[in-house]
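Got chain A; can you put chain B on it based on the hints?
The primary structure of each chain is shown beneath.
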Amino acid sequence: MNVPFSRFVGQAAAQAATTSPLTLSNIALVVAAVLTLMIFSYLLGDNFLYRIAIHVFVGAAAAYILIVSVESVLIPWVNLTLIGGFSNSNFLIGLIPILIGVLLLFKVSPRLSRFGNLGLAFVLGIGGAVAIWGAVTGTLLPLASGAARAFTPANVVDGLIILIGTVCTLIYFTYVGVRRPSGQIVQALPITFAARIGQGFIIVTLGATYALVILSALTIFTGVIVNRLLPLLNRGG
Amino acid sequence: MPDKRPPADNEQDDQLPDWMREADPPADSSAAPKTDAPKQGITGALPWMNTPDKAASNTNAASSTNTANDVPDWMQQSTDANADISGMGDIGLPDFDDLDWQAAMPANMGGDRPATPGTTGALPWRQGVSDPNSEPAIPAATDISWLDSKSSAAAENAPKPSESSTAPTLKKLLNKLAPEVPASPTAPPAAVPPSAATTARPSLRSLKSIAGEPPAAPPPVQPSAAAPQADMSNMTYDEWERSQLEREQAANRDPNDALLDAVPDWFENTTLDAKSQQTPADASTDNSPAAFTPDWFAGTGEPASAAPSWFDAAEVTHTPLSGVPAEPSTAAPIANDQPDWMSGSLGDDTGGVDFDALFGTPTGMSQTSQLPQVSASTETESDNELLSDPLDWMSDFNSSAESSTPAQTESVSAAPAEPIASNSAADLPDWMRDMGIEPPPVTNTPIPRNLLNRPPAPSAQAESSATPDISAEVPDWMRDMAPAEPTPIADPQALESAQDWFSDASASAESPAESLTPGELPDWLSSVEPGQAAAANAPRSASSAEVKLDLKANFSSSDIDALLNMPASQTLMVPPKDIDDRLASAAVANFDDLDTILGPAPEMPPETPSVTAESSESNALPLPSRPATAGQQASASGALRRLTPQQPAIPNPMPAVPTMPQAPDLARAEVPEYIKDLRAGPVALNIGGVQREVDEAPLNQLSDQMRQLRDRSQAFNPVQNAPPPATAAQAGSQSEVRSGVLSDLQGTLAAGPSVFNAAALPTAVAQTVISDMQARRVRVVQRLLDLDENETAAKAAPAKQQGVRVKIDRLLITVALLAALIIPFLTDAVNLVALPDTANPTPAQTAVFGAMDSLQSGQPVLVAFEYGPTGAGELDDLARVLLTDLFKKGAKPVIVSTNPSGVMHAESLLTVFGHNAATLNTLNRAAKPLVARADYVVLRYLPAGAAGVRSVYSAIYQRGFQIQNDFITDVEGQPSGLTDTNVSALAKSPVIVLAETPEDVRNWAEQYRALGDANPPKIVLAVAAAADATARTYSASLPQTLIGPLIGLRDATVYRAIRQPASTSTTVSASNDVKFADQRWQSTGLGALLAGVIIFLGSMFSLIQAVRRRGVAR
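So the sequences go chain by chain: A and B.
Heads up: the first sequence at position 109 corresponds to 141 in the numbering used here, and the numbers run straight through without jumps.
Heads up: the second sequence at position 73 corresponds to 238 in the numbering used here, and the numbers run straight through without jumps.
Same shape as in the complex, but just chain A (with noise of 0.2 Å):
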């Protein structure tokens, strides 16, 4: 091993430039495995090494989006639009946008802030308006008509199950009442009933969407388990 320390490091630049794919995969595996079992040291309480994976991981998902944004938005846009200038038919709608940017960084400045509204303007009332028309055609209308398919003759129980729970927990959400001489705000019996199965209904449902969850979760750690610990304990074995 009396190896120059010159030439091991050349030697190990040559095997990284000449590294694949997959000798990536495997430091990525093994830093993933890593920071993984870092992460999971939570369980033993706040620690250092749980905070300096914390750390990386944020680090290192700003560092990417920027990256990401920069690349995959802005860089091909403007050469999608903007350069060629004028000769580009596409100019004038990329300045669309860069305007509206160029708007948004009014914002940082109190007082030129005004002029950022009018692109944030923009940027809210073009996402409000997608958001309202897909929940419109995509969710209210799709789910009304779906509970109302909900009763056919063979699904009667369901049916009323589901058209019980949707009124009552729509009930439940209402905020009329009468207010007493004593000052006391209560609410018609009907509707405090409904209001409790509408609750109970609310109840189930995100119970059962906790425990989705926590099955999700319960895959995910298996799924490490199989893809990282085993492999390396495959490897190492």
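No lab work stands behind these hints, which were simulated from the structure alone.
One or more of the hints may lead you astray.
[Stated by the list, open to error] So, partial list: chain B residues that the calculated Cβ filter (under 8 Å) puts toward chain A: (1) PHE990; (2) ALA999; (3) ASP1193; (4) THR1249.
[To be verified] Just a sample of chain B residues kept apart from chain A, beta carbon distances all over 12 Å, derived: (5) GLN414; (6) GLU858; (7) GLN866; (8) ASP951; (9) LEU976; (10) LEU982; (11) GLN1021; (12) SER1073; (13) ALA1092; (14) ASP1145; (15) ALA1152; (16) ASN1168; (17) GLN1225.
Built from N, CA and C at the ideal position, the CB exists for glycine as well.
Okay, now just chain B, sitting in the frame of chain A:
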């Protein structure tokens, strides 16, 4: 002043001898001369005096004890048979025919009067009746009928020696009443026996307040040359002196009168009404009853005739009138013989007279005997001056200080030596006494003669019995300035201050105030002659109660000069009667406020006067001995305890303690409001509820006088006189405080240091003291602070330990779950969960199978990777089975994602997947790894979430610019190679959405569709277990659009078992994969089971706890 006497009086005056004419007082004056010479002069020579009724009016107080021999012949003739002359009997009037009694009078009393005044018609010494100096202020007796008649009864009521004992003030009051009294000869005088006059004299000091008028100007010391020597009755001079001293002490010991007495009464009058400013000559000639009658007395409306009877019946023994002798013969017209200062002051201002001193004269002792005996020559000159300028005596106050020779000074000071010395300590003005100034010793205090307005006693006569006369006319404070018996002086510095006071007073005569025009003079000064003003400046400035903050508006140059000439100690001890409280608190060291300031005091020069501190503290707090150190609390009495150390340099018997820095304490001290108000600029001051603004001028804008005043005021500050510290020297100007609470204030007096220095005064309470109560409070505060610190430290310590504390319950659950998840990989003994049913796929699975079977070879398929590394453990299996099925079908996956990490994860997954040999074998592509942009395309990230999904839908179904934007390049920035044809083909294949969260499902379900589209796009949902419910709901609601969903590991296992069974048994790795999949399934199932059990147990435990709490609550 014109003579206001009625013409009748003038006519009668023609008949009167000169001396009697002079003695004939105004109608309202009852003060009769007490000289016996007039009596002799009118004997037999005045037939008008023989009128029986008039004589009866004066002698109706028949006294059996008075023999006829005792009564002069002229009186016997004129006296009615019923005349009561009892009053005269006691005194034993000498036989007027026999002038030996007069010869027995002291020679000096005779003055330059004719030795034999029997030749009444030629009484040159009586010329100038109106001259108040010609006759001493001898109040008349109760018989006042002579006032109206101006008859011989007046002569009969010639002053007797016993009459002189009557208090002049009361006599004057009676004189004022005289015009209202009918001049009935039968009206007997007040039958007050002589014994009553000698009874205890109640104080008439209350008359001051009743009169409501300030006292008159200080009377000049009247020469007593013309005043006959009164009989001293049975009292010796020592007895009289002792009684005087006792009364003075008793009267002056009232603390409430301290402030009033601080400023001499005569000086207070100088600023007030015009009447009080009336010259003595005018006052003596003013015979208006209203002018001399006190308000309370003039308003009574008593009939004149009732006065004598009322007075006869009145029991005056225990009244203020008890001191008035009842001799009817004393009702001689002596108003003009009174000293001007007395007559003037009694006109309206009885309060200006010291009734205690005047009424304290014992019965039988002539008032004239109290007058100093001055040579007649000097008296004549003084009289002339007083006639022309009644305030010359005040000018003499200053001028004679320079002109008087030492011999004169000695003669004057020596003559009244004894009585003055005896009263010097007691009669010293309170404002001087409070300052701790002992009266100067007689031998060391050359009192200018003009102070007493007396020429020097030329002969030994003035040194004899005339000595107490000085104190009769001289104000109290001035009367005792020449004590014969030197009083031990406690503080020589105070003595110097007292002497300086006089020197300043005399020096003020040369002040610029003299050159000022009357218009420039202040009101109080305009009424006083320059000499008077100079004399008055000292006490006036001493009573700097009129010092205002607005110096420009309220100070005249004369005021400033007065302040400049004012000693520091007196300035500090100004009684704050008229001073603004705020200013007073700032000017006078307030040691009460020092309790809040515990800083030590800088070093002070020992010669610094410490009158303020001494006077303010020594009277209030007995000082305990100084502690050895600042930290020690030495309080032998337990009442007070010093906190600040003593400066070593201070000549104090207390042990020295190292000095503590004071600047931080001062800086930390809370700035008082009055200091805040003194900041530059117009300062609004609330004085007595009235807001006024004070303009502060820079130092360079001050006039010379103001600047001198400022310098002088700084001289008062002992701190600035002391060697300045290094910081102060660096500060440069002392007038501007650079730091502390007074920073940025121009012309400040460095109040902060002065406070501390005041505490270090050697002769005063040199240290800040706190009471035990305050000390306990300090300890309580310190204890609280310590508790807070301890509590904070105690809270901080467990916080650090809390980070390493392991929660047992959490650890137990974690360990249990880990065991449940790991054990299935180690052994099959815990395989409790049944494997998914792969034989009977669910409708959702079947729908997905059908959608995948509908794909054509080479057809691009849009695959949305809406999950990142966090969901890779669950969704990667689904992704693999779906991608395997796509590649097996020959489809070309086009990967998109609205999740930035999803794009990266898809690229990484496809890289590994495309190079996995088992996968490639499954795809029948051994040694042909999958190539990006050829076998699959990973497009770049789709920003804006739902909008990004919508843009993809638009690009596929609506074409246009979005195609180029979304599909032209891949994640690596390389051209994706997708053509419009490929993009259009995407509309014909379902979109495979691998969603991790319900949000991703909703975005794709909502946005990737068109309303009213008859052939909506197909979406195959492959979601994680967390999005199972949402995906099922949307799938149930949109069965035509949504296919699936495939849920997590379970459907992946089923999908693989159904759609890819060959690969599971062909290779070893595949068999291992199947094994791991089964173990994973068991692990997940066991973990879910254990989690369910733990959740159930936890719910039951919480329910039981809730029931217990409710039971306890009920």
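Worksheet item: What hints, given by number in increasing order, does this structure fail?
Response: Those not satisfied are hints 2, 9, 10, 12 and 16.
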